[in-house]
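2 protein chains.
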Amino acid sequence: MLISESALRAFTQNIFLSMGCSDEHAALAADVLLLSDLSGIDSHGVARLVGYVRLWEKQRINAKPNITIVHETPTTATVDGDAGLGLVVAPFAMQLAIKKAELYGSGWVAVRNSNHFGIAGYHALMAVQKDMIGFAMTNASPLVSPTFSNERLLGTNPMCYAFPAGKYPPVVVDMATSAAANGKLEIAQRLGKQVPEGWIQDANGDFTTDPHALKTGGSLLPLGSDKEHGSHKGFGLGATVDILSAVLSGANYGPWVPPFVAFLEPPTDPVGLGIGHFVGAMRVDGFRPVDEFKSHLDNWVSRFKSSTTVDPDQKVIIPGEPELAAETDRRKNGIPLVDAVVNDLNGLAQKFGIKKL
Amino acid sequence: MLISESALRAFTQNIFLSMGCSDEHAALAADVLLLSDLSGIDSHGVARLVGYVRLWEKQRINAKPNITIVHETPTTATVDGDAGLGLVVAPFAMQLAIKKAELYGSGWVAVRNSNHFGIAGYHALMAVQKDMIGFAMTNASPLVSPTFSNERLLGTNPMCYAFPAGKYPPVVVDMATSAAANGKLEIAQRLGKQVPEGWIQDANGDFTTDPHALKTGGSLLPLGSDKEHGSHKGFGLGATVDILSAVLSGANYGPWVPPFVAFLEPPTDPVGLGIGHFVGAMRVDGFRPVDEFKSHLDNWVSRFKSSTTVDPDQKVIIPGEPELAAETDRRKNGIPLVDAVVNDLNGLAQKFGIKKL
Numbered sequence: 000m001l002i003s004e005s006a007l008r009a010f011t012q013n014i015f016l017s018m019g020c021s022d023e024h025a026a027l028a029a030d031v032l033l034l035s036d037l038s039g040i041d042s043h044g045v046a047r048l049v050g051y052v053r054l055w056e057k058q059r060i061n062a063k064p065n066i067t068i069v070h071e072t073p074t075t076a077t078v079d080g081d082a083g084l085g086l087v088v089a090p091f092a093m094q095l096a097i098k099k100a101e102l103y104g105s106g107w108v109a110v111r112n113s114n115h116f117g118i119a120g121y122h123a124l125m126a127v128q129k130d131m132i133g134f135a136m137t138n139a140s141p142l143v144s145p146t147f148s149n150e151r152l153l154g155t156n157p158m159c160y161a162f163p164a165g166k167y168p169p170v171v172v173d174m175a176t177s178a179a180a181n182g183k184l185e186i187a188q189r190l191g192k193q194v195p196e197g198w199i200q201d202a203n204g205d206f207t208t209d210p211h212a213l214k215t216g217g218s219l220l221p222l223g224s225d226k227e228h229g230s231h232k233g234f235g236l237g238a239t240v241d242i243l244s245a246v247l248s249g250a251n252y253g254p255w256v257p258p259f260v261a262f263l264e265p266p267t268d269p270v271g272l273g274i275g276h277f278v279g280a281m282r283v284d285g286f287r288p289v290d291e292f293k294s295h296l297d298n299w300v301s302r303f304k305s306s307t308t309v310d311p312d313q314k315v316i317i318p319g320e321p322e323l324a325a326e327t328d329r330r331k332n333g334i335p336l337v338d339a340v341v342n343d344l345n346g347l348a349q350k351f352g353i354k355k356l
Numbered sequence: 000m001l002i003s004e005s006a007l008r009a010f011t012q013n014i015f016l017s018m019g020c021s022d023e024h025a026a027l028a029a030d031v032l033l034l035s036d037l038s039g040i041d042s043h044g045v046a047r048l049v050g051y052v053r054l055w056e057k058q059r060i061n062a063k064p065n066i067t068i069v070h071e072t073p074t075t076a077t078v079d080g081d082a083g084l085g086l087v088v089a090p091f092a093m094q095l096a097i098k099k100a101e102l103y104g105s106g107w108v109a110v111r112n113s114n115h116f117g118i119a120g121y122h123a124l125m126a127v128q129k130d131m132i133g134f135a136m137t138n139a140s141p142l143v144s145p146t147f148s149n150e151r152l153l154g155t156n157p158m159c160y161a162f163p164a165g166k167y168p169p170v171v172v173d174m175a176t177s178a179a180a181n182g183k184l185e186i187a188q189r190l191g192k193q194v195p196e197g198w199i200q201d202a203n204g205d206f207t208t209d210p211h212a213l214k215t216g217g218s219l220l221p222l223g224s225d226k227e228h229g230s231h232k233g234f235g236l237g238a239t240v241d242i243l244s245a246v247l248s249g250a251n252y253g254p255w256v257p258p259f260v261a262f263l264e265p266p267t268d269p270v271g272l273g274i275g276h277f278v279g280a281m282r283v284d285g286f287r288p289v290d291e292f293k294s295h296l297d298n299w300v301s302r303f304k305s306s307t308t309v310d311p312d313q314k315v316i317i318p319g320e321p322e323l324a325a326e327t328d329r330r331k332n333g334i335p336l337v338d339a340v341v342n343d344l345n346g347l348a349q350k351f352g353i354k355k356l
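One line per chain: the protein sequences are A and B, in this order. Numbered according to numbering that gives the first Met the number 0, the first sequence spans residues 0 to 356. Numbered according to numbering that gives the first Met the number 0, the second sequence spans residues 0 to 356.
Hints should not be assumed to be uniformly reliable.
Since copy identity is lost for identical chains, a pair holds within one copy or between any two.
[Said to hold, decoys possible] In silico SDA-like links for lysine to any residue, alpha-carbon gap of 20 Å or less:
#, residue 1, residue 2
1, Lys-304, Asp-268
2, Lys-98, Leu-27
3, Lys-98, Pro-73
4, Lys-293, Leu-272
5, Lys-226, Thr-208
6, Lys-314, Arg-151
Simulated from the structure, these hints should not be mistaken for laboratory data.
Working from the sequences, and respecting the hints, build out all of it.
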């Protein structure tokens with residue numbers, strides 16, 4: 000099914016309104032999900048709606064959060080999301096970081112007591128719109144084993160850095176710190192395909208190509224896949240995200256992070272509140288004039304885009320380019336939804352008594 | 000040869016003094032190199048001295064730099080290193096970041112016109128000593144190809160994040176953003192050994208296990224090794240380091256970064272000044288009380304250290320642990336130097352008319 004941006008946006012907003020979100024929060028949460036679907040990151044868009052609703056039904060997501068600043072200096076703060084949707088809590092935190100950066104050059108906000116925040120890129124790009132460099136990261140429910148371990152102790156813990164360019168679109172590095180994001184596994188599961196060696200290990204810690212191995216005690220591997228290829232670096236990056244997002248904010252970390260799925264209960268011995276994020280903004284003109292930075296970033300992009308490649312038909316991809324190409328296409332031609340997602344969404348429509356897709 | 004910390008420190012300081020460094024700079028530069036040798040990162044310690052001297056002889060390193068702040072807000076700054084040793088320029092920048100963090104919660108400094116800064120961990124740990132979170136990164140001469148390319152466009156561009164713990168030592172994530180650091184290649188070359196597939200490619204873009212392949216047009220691969228295993232993420236991280244360190248500061252970036260070796264000339268069409276760094280410090284108590292943070296980070300370390308492993312004899316390694324173990328051992332038992340390094344150092348002693356090792 001191919002659906003227009005505006006129709007999917009209206010539908011999504013309606014679901015959030017039905018959960019009891021304010022008009023403002025419903026519009027914002029829908030905006031975050033829509034950017035994901037528009038950008039071709041289908042795993043983080045409206046496909047997540049049914050999961051959010053289930054967590055809300057279990058009272059693990061609060062549709063009417065009172066988001067507060069619990070600690071603050073001129074350029075740092077900790078925000079408590081009151082168990083709200085990460086989709087609205089993270090933008091609140093980023094707005095605060097941007098305000099601090101406007102006054103003092105930079106702003107950094109750690110977030111506790113939140114939930115899944117969609118794509119990190121959305122939040123980082125809020126800063127880019129103000130000619131700032133944006134940072135966004137979040138921890139997530141544990142699926143990844145540290146190097147040498149077969150326990151699931153870290154989430155896929157994405158980190159995002161976004162930079163404003165001039166004639167080119169922003170450079171957006173938005174990446175899970177695991178070898179492969181969980182969404183890629185889900186695609187292989189749906190298609191009945193094997194996955195490459197180096198993405199996952201089974202319960203014994205052996206590489207496996209079975210995308211269902213996580214259901215039998217397997218785990219995702221950190222970026223680098225094994226020690227010899229630098230998986231301790233992927234582990235280090237995942238650890239960095241966990242510490243900045245949760246140890247710093249007072250959220251749950253490591254194996255204590257509550258699961259994103261409603262059928263798994265959160266640990267009974269939490270070490271903090273909800274899941275954690277960390278966002279930041281730095282004014283480009285805190286370092287050099289914006290025009291100078293943008294013209295050099297354009298030069299950087301131009302040089303890398305035009306570099307020699309092994310296969311002349313496969314150019315170097317600038318971080319953020321594929322997502323923008325998808326966005327341009329889907330804004331014009333509509334967003335494709337697979338049947339399973341359409342069925343889930345229509346099930347929600349029925350539950351809330353709103354118009355189906 | 001096994002040499003005591005104090006003897007190697009005195010020798011190193013003497014070399015820097017012989018180059019014309021001030022007493023203060025000679026002591027600081029020696030301190031940075033010594034921490035590397037003590038920590039077992041032999042590729043970044045005194046083994047680099049001969050290279051620094053050669054660059055100084057070619058007037059590409061200025062032993063008497065006038066390091067200046069060229070742009071500033073309350074929490075951001077750009078520093079010009081006046082072509083000085085990165086070993087003294089980066090600590091200047093980090094001191095400034097710490098001062099800003101003391102006043103406003105966080106401080107961020109981009110550096111241009113610098114040189115090789117030793118191990119990133121040294122600089123990040125300066126912040127940790129003040130109960131701050133430390134960040135340090137640098138770009139470097141181009142050896143790494145972006146995903147799909149066979150051109151060398153990025154350095155091994157390390158990034159470091161360091162966090163103060165309580166009963167445990169600091170957690171220090173200090174990593175090249177390539178699959179393997181260049182130092183590991185040099186070790187294989189010295190030992191006449193092959194390297195694992197996934198570290199380097201030959202001039203045609205094919206994986207090779209020949210550690211000498213860089214001399215015949217080969218290149219290092221980004222962390223992740225190939226697209227299927229996430230090398231676009233390693234490329235994205237290397238790009239992030241390049242942009243923060245150089246596009247933001249006004250240093251050279253990408254293929255324009257001057258080579259670290261004196262026998263290769265810098266590009267004749269520079270896009271900036273020298274190489275670039277980016278350092279930062281955030282006060283932990285800008286987010287939550289220091290004791291709370293440290294006790295939770297201790298809990299984090301403790302949980303990860305005790306996690307189940309595939310091989311019961313191979314525990315999970317906390318980032319920073321191996322370096323600290325080496326430091327403890329070498330402070331007590333001395334620092335091992337290979338013959339090639341001893342010969343290089345004694346050559347320098349002869350050149351400057353100082354006492355040999």
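Name the hints, by number, that the structure is in violation of. Per hint list: zero violations.
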